[in-house]
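Residue numbers (our numbering), protein chains in the order written: chain L, -19 to 86; chain F, 19 to 223.
One should not assume that every hint holds.
[Stated by the list, open to error] Not everything, but these chain F residues come out facing chain L in the computed CB check (under 7 angstroms):
#1 Trp47
#2 Ala62
#3 Asp210
#4 Leu215
#5 Leu222
Derived from the structure by calculation, the hints contain no laboratory data.
From the three backbone atoms N, C-alpha and C, an ideal C-beta is built for every residue, glycine too.
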Amino acid sequence: MASAHKQPNYIGVFWWLLALTVIEVAVIFLPIARLLIGILLVGLALSKASLVAMYFMHLKFEARTLGLIAMTPLLLCVLFFLALLPDLSAIPHRTTESPQVSATPH
Amino acid sequence: MSQVAAITTAVEPVESPLTPESWGKLGMWVFLAADGMSFGGLLAGYGALRYGSADWPVPAGVLGIGLTAFMTFLLICSSVTMVLALAAIQRGDLRGLRTFLLLTILSGLMFLGMQAYEWSHLIHRGLTLTSNPFGARLFGTTFFIITGFHGAHVTGGVIYLSCYLVRALLGRMSQANANAIEIAALYWHFVDLVWILVFTFVYLL
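Please model the entire structure based on the sequences and the hints provided.
Written as structure tokens, this is what we have:
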């Protein structure tokens, strides 16, 4: 039971979340490769989401099965994206060509 | 049949290994997992559309990062006041419950007000569900659908918590209702958690 455990340091978690948010906003202005910025941002977002789930939602103190239930949407989201990728890769990069085609008189 | 009945009788009284004191909490977790899949589908669709687009604008160049960073801060604060409301009712402090519930609701309302301001500002600049002067048309579509879906969740959360606040003000809440507040808190934290992901994927990336 979540209420039976010792209460976590909620204010400490708040400061961590605040610090990670400030770092996130700062990261987008870093003069580094876009891919690296993306990796950093996803890592920071997942860290923040984990802090909320583990301490505010008390997942750290719950049965492991609840953690598995909570993880399911994240895994499915990655699966959705990967399932869509082949379709998108199959489309030749169309939008760059289309304005010229439509501008040509027939 | 009698054997089945005997087995059922023998099994039923055993408490769930998941949440012995609260089937409601398990129900909320299952709902949140399903709801998380809705958001997951939207974010995966967003990622796929963006990946497949040649003229997707850089969000930071179109959307107000300062304002939304403050909105993120606001939701994080509301999560803290929510856990403090739960801690208050668990120790029987009804005044603390009322105060922290009110603060959580006010944070939610402020968030919604800021979202309305952001939307009206963007619509004024020409970004709508069907048009985007900054590049790919679907940028506007995905932006309004994802943030709108999240805003609807915040609205639902504000109504949900307001019901408990009214009950608390009428003196109909006690330490015995801590479990109900814990379940409501799970929903509110989920709304915060999803916003953390929306903020990163839709605004910052």
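Hints, verified against the model:
1. Trp47: 5 angstroms, holds
2. Ala62: Interface hint status for alanine 62 of chain F: holds (4 angstroms vs cutoff 7 angstroms).
3. Asp210: 6 angstroms, holds
4. Leu215: 6 angstroms, holds
5. Leu222: 5 angstroms, holds
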